[in-house]
Amino acid sequence: DGGITQSPKYLFRKEGQNVTLSCEQNLNHDAMYWYRQDPGQGLRLIYYSQIVNDFQKGDIAEGYSVSREKKESFPLTVTSAQKNPTAFYLCASSIRKPATNEKLFFGSGTQLSVL
Amino acid sequence: DAKTTQPPSMDCAEGRAANLPCNHSTISGNEYVYWYRQIHSQGPQYIIHGLKNNETNEMASLIITEDRKSSTLILPHATLRDTAVYYCIVSRSGGGADGLTFGKGTHLIIQP
Numbered sequence: 034d035g036g037i038t039q040s041p042k043y044l045f046r047k048e049g050q051n052v053t054l055s056c057e058q059n060l061n062h063d064a065m066y067w068y069r070q071d072p073g074q075g076l077r078l079i080y081y082s083q084i085v086n087d088f089q090k091g092d093i094a095e096g097y098s099v100s101r102e103k104k105e106s107f108p109l110t111v112t113s114a115q116k117n118p119t120a121f122y123l124c125a126s127s128i129r130k131p132a133t134n135e136k137l138f139f140g141s142g143t144q145l146s147v148l
Numbered sequence: 020d021a022k023t024t025q026p027p028s029m030d031c032a033e034g035r036a037a038n039l040p041c042n043h044s045t046i047s048g049n050e051y052v053y054w055y056r057q058i059h060s061q062g063p064q065y066i067i068h069g070l071k072n073n074e075t076n077e078m079a080s081l082i083i084t085e086d087r088k089s090s091t092l093i094l095p096h097a098t099l100r101d102t103a104v105y106y107c108i109v110s111r112s113g114g115g116a117d118g119l120t121f122g123k124g125t126h127l128i129i130q131p
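Residue numbers (the working numbering), protein chains in the order written: chain A, 34 to 148; chain B, 20 to 131.
Bound conformation, chain A alone (with noise of 0.2 Å):
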């Protein structure tokens, strides 16, 4: 079946520590997003990337890295200087076709925690 894949499904994180969440895609989409969801929020986007090899910031990028080596994998690390991780975290994937509208397909999401 295609879509995205996210794991773990939880995720624990200590102090001074840096944990990767990671977002696999078989759709063969372009473009790849991140976003946290505190509680009863709504969504704000981390990073997103268009095509392999690059990426931009979204809204609240401080405190986290990604990387896009392969067209289907958007690896999203929480560092350290993140000092409140604790959220749900969402990768989305969507075709990249100039002038259409796009939809977004989300993978389960990640729920990190700090102990």
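No lab work stands behind these hints, which were simulated from the structure alone.
Since the structure is predicted, the reported quantities are computational estimates derived from the model, not experimental observations.
Glycine included, each C-beta is placed from N, C-alpha and C at the ideal position.
It is possible that some hints are incorrect.
[Unchecked claim] Pair by pair, the computed Cβ-Cβ distance ranges are:
| id | chain 1 | residue 1 | chain 2 | residue 2 | range |
| --- | --- | --- | --- | --- | --- |
| 1 | A | 96 | B | 93 | 36 to 42 Å |
| 2 | A | 148 | B | 64 | 42 to 48 Å |
| 3 | B | 59 | A | 85 | 29 to 35 Å |
[What the hints assert, rightly or not] Among chain B residues calculated to face chain A with C-beta under 7 Å, some are:
| id | residue |
| --- | --- |
| 4 | 61 |
| 5 | 62 |
| 6 | 63 |
| 7 | 65 |
| 8 | 121 |
| 9 | 123 |
Since the structure of chain A is provided, determine the placement of chain B on it from the hints.
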């Protein structure tokens, strides 16, 4: 992208039509109206989108007013599985270049 306003929560009886309103008074001519929904602890799911004509698919109908300043998402026969947060988003491209902006949405609760 234009800003949207949605009620924070709504109730609907199972089997009845659920009508979810959205105001987007600052929408511009080339912006589309998108609807997504998010079931608890899952990723959002695309429902429908439209520019100025009413749209219908297997999930829902979208009614956009003639002046395009508001719209209504209609779930014709709501079931308990339709309980979710529904997001109304206005965007030129649907995400493509730089993602979509998701507000707090409307928490729709379907009552048995």
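Comparing the hints with the structure gives:
no. : hint                      : result
1   : A/96 to B/93: 36 to 42 Å  : holds, 41 Å
2   : A/148 to B/64: 42 to 48 Å : violated, 32 Å
3   : B/59 to A/85: 29 to 35 Å  : holds, 34 Å
4   : 61                        : holds, 6 Å
5   : 62                        : holds, 3 Å
6   : 63                        : holds, 5 Å
7   : 65                        : holds, 4 Å
8   : 121                       : holds, 4 Å
9   : 123                       : holds, 5 Å
Hint check: a violation occurs at hint 2 only; the rest are consistent with the structure.
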